[in-house]
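Next come the chains, spelled out residue by residue.
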Amino acid sequence: MQSEDEAEDEDQEGDDASDNEDVDEFPEIDAVSDSEEESEEEDTDDLDEEDTLDENSDADSDLHIFPKFRKVVSDITGQTKVVYPEIEPDYDSDSSTEDDPNRVGKIPMHWYDDLPHLGYDINGKRVLRPAKGDELDRFLQTVEDPNSWTTAFDQNTQMDKPLSAEELDIIRRLQAGENPDAEYDPYEPTIEWFTGKGKEEVMPLSSAPEPKRRWLPSKWEKQKIMKIVRAIRQGRIVGSKPTAADKKQQFYAIWNEPPSNQAPPLPAPKPKLPTNSESYNPPEEYLPTEEERKLWESTDPEDRERDYLPHKYPALRLVPAYDRFIKQRFNRQLDLYLAPRIQRVKLNVDPNSLLPKLPSPNSLRPFPNYKSLQFMHTKARVRCLSISSDGAWVASGDESGVISLWEVNVGREVKRWSLGSKVGAIEWCPRLDVCFFVAGTEEQLHFFIPPNISPAMLTMTQSTLAPATLPPATQSSIKWISASGAAEDGPVLTIELPSASGLSRQLTWHRKGDYLASVSSSETQGSVWMHQISRRHSQAPFKKIKGAVQMVLFHPTKPHFFVATQRYVRLYNLAEQKLLKTLMPGIKWISSMDVHPSGDHIIVGGYDRKLCWFDLELSEKPYKVLRYHSRAIRSLHFHPTYPLFASSSDDGSIQIFHARVYSDLMTDPLIVPLKILRGHDVQEGLGVLQIKWVIKQPWLVSAGADGSVSLWCS
Amino acid sequence: MVTSSSSEAPSHPVIFTTQTPYVLPSQKFRIPLDWKRYQLLQLINNALDLPKPVPFDFLVHGEIIRTSLLEWRAEKGVGESRILASSSHDLTGRPTRISLSSEIPTASTVASLHLHTSPLSSISTDVSGSHLLPSSWDGLVGVWDTSIPDYHQVNLERDDDRKKRRKTAPTNIKRKAPIAVLKSHTARVSKALFAAGELAKGKAYSCGFDSTVRTWDVESGVCINTINVPERPMLDIAETPDGNVLLTASTDRTVSIFDLRISSLSSSTGVMMHPATPSCIATSENGKHQVVTGSYDGVARLWDLRSTKGAVTSFKVWDRMKVLAVDWVGDVVGIGGEGGMEVWRIAGES
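Chains A and B supply the protein sequences, listed in that same order.
Each residue of the first sequence is one higher than the one before, starting from 1 at the first, in the UniProt record's numbering.
Each residue of the second sequence is one higher than the one before, starting from 1 at the first, in the UniProt record's numbering.
None of these hints come from the bench; they were simulated from the model.
Check before you lean on any hint, since a few could be wrong.
[Claimed, not checked] The calculated lysine-lysine pairs, modelled on DSS-like cross-linking and capped at a C-alpha distance of 30 Å, are:
(1) B/LYS316 - A/LYS379
(2) B/LYS316 - A/LYS371
(3) A/LYS422 - A/LYS512
(4) B/LYS183 - A/LYS696
(5) A/LYS71 - A/LYS81
(6) A/LYS371 - B/LYS309
(7) A/LYS543 - A/LYS581
(8) B/LYS174 - A/LYS415
(9) A/LYS415 - A/LYS696
(10) A/LYS544 - A/LYS479
(11) B/LYS183 - A/LYS512
[Stated by the list, open to error] If you want the ones that stay clear, here's a sample from chain A, every Cβ over 10 Å from chain B, calculated:
(12) ILE76
(13) GLN79
(14) PRO101
(15) SER218
(16) GLU221
(17) LYS346
(18) ARG431
(19) ALA575
Glycine included, every Cβ here is placed at the ideal spot set by N, Cα and C.
Sequences are here, hints too, so could you generate the full structure?
Following this line, the structure appears as structure tokens:
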């Protein structure tokens, strides 16, 4: 073949160098297409035809259009390998360098159908359309040319070109159904790559993840890594320490914990088992009668006793499909969904059990519960009252200046004194061997001796009020004046408080009956005075006191003194002359106060309706705040012997409480509301102004703004 | 038999009553005191105008007249005047002679009883009128006889006191000392009275604010028995005429009944509830079971001891005024209180 090519090269040296290849391969086609060179190339065509025929007739092994290869034994592997000859990079070696006369490229050639030329060559000259003979010429040519059946129309050149021997060989192989590659050997010997001695692969494949060493970081990833590495080196990143607990195996004693006392979750409710009537063939007695059927059909589905009608089928195979399947499944799901799965412990609290357990008032008798009698002051409202220390007499004073002395049990007035100004406070002397009382009016305190006392007591009283030996009188703004003449009808002794001190709001005796403290209503500093009867001496215990003093009280056992100002209650030690405690009741305006006979508890009432119980041992804040009155509290009083106290208010009611104080410090005082006593009228917004307990009996005496003084008996 | 109620020196008004079927004249006769049974028989037989004179016997105060009325009166020492004992807030009790001899009764205090240091709450006498039993707020019950002493048995403590007392009391009032003091009450004694009935002779009962009813042996002055009723201060005590039942009024609006026939009585055997404080009790002389109580609401109530649930009847004496004392003699009930004194007749009692 090479020899033939060389021969042809020699023949066509005069042709264009560009057409060299075409000429080299298909010299005949050129000649045929070109009508001018037709004659010249006739013979060469024949020659080529022969060559090709020869080639076709050759054996397959001989005919090689691809470069020849040779098999050599590799030095490295020791195997045979196919070695192809080196490709020489000349024009012949690559088809891309083949010259096509028409350089229009791969365009649809029918664009040039109407044109005389086919396209353009590399120099821009037109490639003229080759002459196309008519049908007769074509027929003649096919008849004449014996190679015409091996030609094919070439679009690019718009003419028939004879097929090369390789192309014909490929066509033949395709026609024969063979592999078009002539080199392909279907019967090649198998090459044992992995079988045989020394060729076995020992676990050649692995599903292990890609090892990290194969990872090649990018530049940025490298920078990021270096940043972390530097941080670790400088100690900015510290890895978590492995704890000892992690290393040790941990065991849990599963029986150590007490079993849960919670009930296990309830099992789902079971569906009802089918009954006889649900059978496909129920006995006759289960079948509904006509009326029952009608009744069942006429009732609403919710009202039906059962959601099916028994039906009888002669055989199981005649039972139709279950028409209510979906409905029944849905209902079952609904049941499961709505069925409570946990036992909910209902908080069944009896509201009565939340109330504090207080003993019944009936078990706490006696306490006053009815109005036994009423004593009337006809002219004005009764501000104050006091009960004698033997519990037999009541002295009550009203705003018109009348003091009535009357007997507790009958309510008979024994004596009446008329003072000029209104009476603000009355207090009996607590001593049992003397019998007199003090009434406080505007800027004056009057001492009265009741009639009908035994001669011994009268003598004692008179000597007490007029002591024979007096210490030398000191300069004081308080004057003590003894009435000399008509002692029977007037006060036996009068103390004149400093002028402009106003109405005596409160009087209180020390338990020994020698000291008397008085509180005047003036807002000035000197509103509290302490009077000593035996020395006829008065002094102001406080030079300066914050706030307007509302009430004062002596401690029943200790030398302590309670002073209630508008907001606070202060406890002073009179012996050491210092402040012991300040109680903060949280009341806007304190109206009244009383101390328990034990001295450890006080109650404080306010105009803002609150009643505070203080345990002096406990705190400066109230132990209990009672707010039972609907109007301002006016008066409070502890019973001296019974465990009772009472509060009176501007709402016209008196409330009785049981107040038991235990000697055991750990037990809280028991306060039980017992009774509300109503019977006083509210006049001009004022109700019950003062209450006092009868000393030895559970009886209460109350003075009202309606001018009545009532005795409440048990 | 015929009884006359009382007599007089020259002539005395007399009313004749009888339990025989004879219908006696109901008017008051003035009879001369020197009359004897014979004159009285003549008077009655003339008045009755019977065909045959009936030999009546005459009783005065339960005694048959054997002498003239004047002699009878002198023998008994009563009749011309009565002695009334009173207790007072001025710490004394006073027997007062009330003379009914003239048309205008006159009263004069004959003695004063000095013991107590507190006002007296009540005074009572025994059946014969020979002993007085005042009770006081100081917890003491004194026993006095009714004889009028010739001299002061008690000295006054101080001169100035005597001076003062002289102004009010005349000097002829003799101060009397008690013959016994019953001392056991711890609080004021409201009432003390002598026991009625033959069996309980020489006994006395008292009640007080210490909620006790005490039985006393007056002779020895010793408390024999104490009935303690907790938390029931008592205001009054009364006894039925047969001496079987004691009644006490207390401030918790109850009248307690104590049946003395029950041995070892420790509490009340019944109560009569009142709407207000009962202040006084009176038992009837002839009916055994009727009781009148007066209370502070001005209502007097008639009770039957056999049924204590409610009052048999009640009569409002005054409105908003207290009844402080009741007494019941025969078919009349006297009621005293803040409204004054009223006498009611109880008719139709069984």
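Query - Hints that the structure is at odds with (numbers, increasing) - result: No numbers; nothing is violated.
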